[in-house]
Amino acid sequence: AQSVTQLDSHVSVSEGTPVLLRCNYSSSYSPSLFWYVQHPNKGLQLLLKYTSAATLVKGINGFEAEFKKSETSFHLTKPSAHMSDAAEYFCAFISSGSARQLTFGSGTQLTVLP
Amino acid sequence: GAGVSQSPSNKVTEKGKDVELRCDPISGHTALYWYRQRLGQGLEFLIYFQGNSAPDKSGLPSDRFSAERTGESVSTLTIQRTQQEDSAVYLCASRGGGELFFGEGSRLTVL
Chain H
1 AQSVTQLDSH VSVSEGTPVL LRCNYSSSYS PSLFWYVQHP NKGLQLLLKY
51 TSAATLVKGI NGFEAEFKKS ETSFHLTKPS AHMSDAAEYF CAFISSGSAR
101 QLTFGSGTQL TVLP
Chain W
1 GAGVSQSPSN KVTEKGKDVE LRCDPISGHT ALYWYRQRLG QGLEFLIYFQ
51 GNSAPDKSGL PSDRFSAERT GESVSTLTIQ RTQQEDSAVY LCASRGGGEL
101 FFGEGSRLTV L
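Protein chains in written order, with my numbering: chain H, 1 to 114; chain W, 1 to 111.
In short, the hints are calculated from the structure, not lab data. The structure presented is a predicted model; accordingly, all values stated were derived computationally and were not measured. Ideal placement from N, C-alpha and C gives every residue a C-beta, glycine not left out. Please note that the accuracy of each hint is not assured.
Between beta-carbon pairs, the in silico distance windows are [as the list claims (entries may be wrong)]:
| hint | chain 1 | residue 1 | chain 2 | residue 2 | range |
| --- | --- | --- | --- | --- | --- |
| 1 | W | E14 | H | L20 | 42 to 48 Å |
| 2 | W | S27 | H | D8 | 24 to 30 Å |
| 3 | H | Q2 | W | G98 | 15 to 21 Å |
| 4 | H | G62 | W | K57 | 38 to 44 Å |
| 5 | W | P8 | H | S30 | 25 to 31 Å |
| 6 | H | E64 | W | P8 | 18 to 24 Å |
Bound conformation, chain H alone:
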């Protein structure tokens, strides 16, 4: 089955420390991978996407993610967390062999402590 798994439902970091949000995928085909952020009572905003170009993808607000085929991972990182980064983060993918729906992980709630 093709799916995406976010390994942590909650992550808590101190302001100024690195952020790591983990995502693993399962797909028989080359996937396109995405990270979205959702602030409370807001719609989803695209942070970054991987579409088989460079494996290290840089996104908005200082976030980046690295596609590692050998590990089937697409973890999201940021060197230094800011209070405004507190939100829900969703990993998602579209498999080139599937229907065109975007499949989402269950989300990771990021808390940033002062």
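Given the structure of chain H, go ahead and fit chain W onto it with the hints provided.
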């Protein structure tokens, strides 16, 4: 418009009533998606429209759910005989340039 617009932003209804949710996609976007997000959970795919092709309805949870879209314009998601488990935020997205753009959602509460 500038973004995906959804209405109503909030809807409270009684169990057994029908509700209709509206999505106005970004002009020119041929693909439109509906997702459901229950409290504390991820996004659940409901239905996908692509131009004039037959919609992908594989995510609709029951026959009480239906959606329509005429051409590349507004879409409506209808839930008949609502149940308490239908309470969720219903998100609409349209696709352009390989990216999905989401509306802010319609929060449905079924009492």
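Evaluation of the provided hints:
no.	hint	verdict
1	W:E14 to H:L20: 42 to 48 Å	45 Å, holds
2	W:S27 to H:D8: 24 to 30 Å	38 Å, violated
3	H:Q2 to W:G98: 15 to 21 Å	18 Å, holds
4	H:G62 to W:K57: 38 to 44 Å	39 Å, holds
5	W:P8 to H:S30: 25 to 31 Å	40 Å, violated
6	H:E64 to W:P8: 18 to 24 Å	37 Å, violated
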